[in-house]
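Single-letter residue listing:
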Amino acid sequence: MLRFTLKRLLSLGLSLVAASVAIFFVVEIIPGDPARLMLGINATQDAVDALRTQMGLDQGVLARYRFWVSGLVQGDFGISYTYRVPVSEMVQGRVWVSLPLALYALLLSTAIAFPIGILAAAKRGTWADWLVMGGTQLGVAIPNFWFAMLMVSILAIKYRLFSAGGFPGWEAPLLALKSLTLPAFVLALPQASILARVMRSALLDTLSEDFMRTARAKGRSARGAMVHHALRNAMIPVLTIIGLQFSFLLAGAIIIEKIFFLPGLGSMIFTAITQRDLIVVESVVMLLVFAVILVTFVVDITYALVDPRLRRRA
Amino acid sequence: MKRAFKMPGFTIGFIVAFTFVAAALLSFIWTPFGTDGVDIVNKLKPPDSTNWFGTDHLGRDIFSMIMVGARTSIAVAIVAVGIGVLLGVPLGLAAAARKGTLLDEVIMRGNDLIFAFPALLIAILITAVFGPSATNAIIAIGIFNIPVFARLTRGGALSLWTRDFVLAARVAGKSRLRISFEHILPNLTNLLIVQGTIQFSLGILAEAALSYIGLGAQPPIPSWGRMLADSQTMVSFAPQLALFPGIAIVLTVLGLNLMGDALRDLFDPKLRRDRQ
Chain A
1 MLRFTLKRLL SLGLSLVAAS VAIFFVVEII PGDPARLMLG INATQDAVDA LRTQMGLDQG
61 VLARYRFWVS GLVQGDFGIS YTYRVPVSEM VQGRVWVSLP LALYALLLST AIAFPIGILA
121 AAKRGTWADW LVMGGTQLGV AIPNFWFAML MVSILAIKYR LFSAGGFPGW EAPLLALKSL
181 TLPAFVLALP QASILARVMR SALLDTLSED FMRTARAKGR SARGAMVHHA LRNAMIPVLT
241 IIGLQFSFLL AGAIIIEKIF FLPGLGSMIF TAITQRDLIV VESVVMLLVF AVILVTFVVD
301 ITYALVDPRL RRRA
Chain B
1001 MKRAFKMPGF TIGFIVAFTF VAAALLSFIW TPFGTDGVDI VNKLKPPDST NWFGTDHLGR
1061 DIFSMIMVGA RTSIAVAIVA VGIGVLLGVP LGLAAAARKG TLLDEVIMRG NDLIFAFPAL
1121 LIAILITAVF GPSATNAIIA IGIFNIPVFA RLTRGGALSL WTRDFVLAAR VAGKSRLRIS
1181 FEHILPNLTN LLIVQGTIQF SLGILAEAAL SYIGLGAQPP IPSWGRMLAD SQTMVSFAPQ
1241 LALFPGIAIV LTVLGLNLMG DALRDLFDPK LRRDRQ
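Line by line, the protein sequences are chains A and B. Positions 1 to 314 (this note's numbering) are the ones given, in order, by the first sequence. Positions 1001 to 1276 (this note's numbering) are the ones given, in order, by the second sequence.
Treat the hints as calculated values from the structure; they're not laboratory data. All residues carry an ideal CB built from backbone N, CA and C; glycine is no exception. Mixed in with the good hints, there may be bad ones.
Covered by chain A, according to a simulated footprint, are these stretches of chain B (three or more residues, beta-carbon under 8 Å) [said to hold, decoys possible]:
no.: 1; segment: 1058-1064
no.: 2; segment: 1111-1119
no.: 3; segment: 1208-1214
Have a look at the derived ranges for each label pair, beta carbon to beta carbon [stated by the list, open to error]:
no.: 4; chain 1: B; residue 1: G1034; chain 2: A; residue 2: Y65; range: 32 to 42 Å
no.: 5; chain 1: B; residue 1: T1011; chain 2: A; residue 2: Q92; range: 31 to 41 Å
no.: 6; chain 1: A; residue 1: A63; chain 2: B; residue 2: A1168; range: 17 to 27 Å
no.: 7; chain 1: A; residue 1: G13; chain 2: B; residue 2: L1167; range: 52 to 62 Å
no.: 8; chain 1: B; residue 1: F1005; chain 2: A; residue 2: G125; range: 16 to 26 Å
no.: 9; chain 1: B; residue 1: G1082; chain 2: A; residue 2: Y65; range: 27 to 37 Å
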């Protein structure tokens, strides 16, 4: 297990280096002068030169990359050009909206997907199965931003069950949770559909295994065999998808946060893009990629805990 | 093909998806109304017999806009799938032909890296840096199709490399390159068609999302995502603005997914046996 963890840690480190190079490179190959791009065509040459020095553009590419990365490692994300405050300060307030939102959505997604996926597998070929399969097919096809618009206009504007947007802050935990509920649900719906389908097919695969017949022959009830034998074995593909979904949810939040006017990382990136605040864009994208790579690492380790076979193979 | 049409899922999916493709093609020569003129007198009309889906805030016919918008969605998605196939399949074939070598390792780790990025985030980064346009949306979506096809091709090709007919071709003295293209690739067509259909539908969703946040096709090119963005402030008094473009997206994606699922069942004998 130690060797497996070390190997995964090494690949985590490599992914982070590669990701930082990729992000740096994309921003680096901007046609023209990034400082000029940020300031617009009407800026004076003095202003552009000042920004170039601030961004370190008067130095070489390698020096700039080293400077950026060593800053990131120490939690220094640079200084936002538009707001003139450290990016890390801006991020701090917003992480506590985006992260809870993504986790809340992940929780909802699993809470919806597990029961209906298990139901569809257990009642295979019945109307319940058809209903789940049809419903999830639809759930995958609905763009979540459109669904969000419909939900806002029906549940928030017409029936006033939820607020149409905004975030009251965590000083009022219940209100905060309530304002995240509709966005989290909208985010979760397509992911829940995918997860339910994966759950169903993974369960169907294990249900046809010999050990399931053995379990029943030993006198386990259908329900007992499902819970104790089938579910545990179906968890590998399900965990994979849950891990992948977290990255979708974090990134998907960009659009959803915009619709619900939530002050999260997503809307921060979005504003930064429209203001051409590339320092913010670069650092926040790196932060999100870091979160995604970290989650992948945790999922890999979880696999090995669930399935000892994977430990040996690695 | 005949067998595919015997499956209800495929037939329904095909009819739905084909309707939108046909509408997109038809829009080149005919739409009920023009989509670039402004007709303020007729703005925000609810659906009636002249404007089947009503009109938008500039008086443009929504039905016509959806027809032209289909063009954008389908074109972006097809080219993005094309990028994925043209770059991903050769990479996958090469990785499989040189399994275990440095080349294989480099290709596969590169794939993992792209997979590690949240696709939408990078699409946003790319369009942020290069400016929003349909072309940049295509590139952004296309890049994420490359590892999908490379992985699929490598996986499929690896199992084919162990087969007797490939061994026979090697004994006959064919190069790895020729075997890859003459024997391996033709046997992967089914697999690629299924994945292509799925990536096509994902591409349509991605394009809609990018145009919705203003990073896709720019005005005056109509696109479903931007129609939805425009409608946002008017949903409460002109629901037709939000309803019809959304339904167009859902139906196209649903149709393509139904086709993809049916084809997968058809091509995968293991699943077919399960069915009976």
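Going down the list of hints, with the structure as the test:
no., hint, verdict
1, 1058-1064, "violated (count 0)"
2, 1111-1119, "holds (count 6)"
3, 1208-1214, "holds (count 4)"
4, G1034/B to Y65/A: 32 to 42 Å, "51 Å, violated"
5, T1011/B to Q92/A: 31 to 41 Å, "54 Å, violated"
6, A63/A to A1168/B: 17 to 27 Å, "57 Å, violated"
7, G13/A to L1167/B: 52 to 62 Å, "40 Å, violated"
8, F1005/B to G125/A: 16 to 26 Å, "23 Å, holds"
9, G1082/B to Y65/A: 27 to 37 Å, "33 Å, holds"
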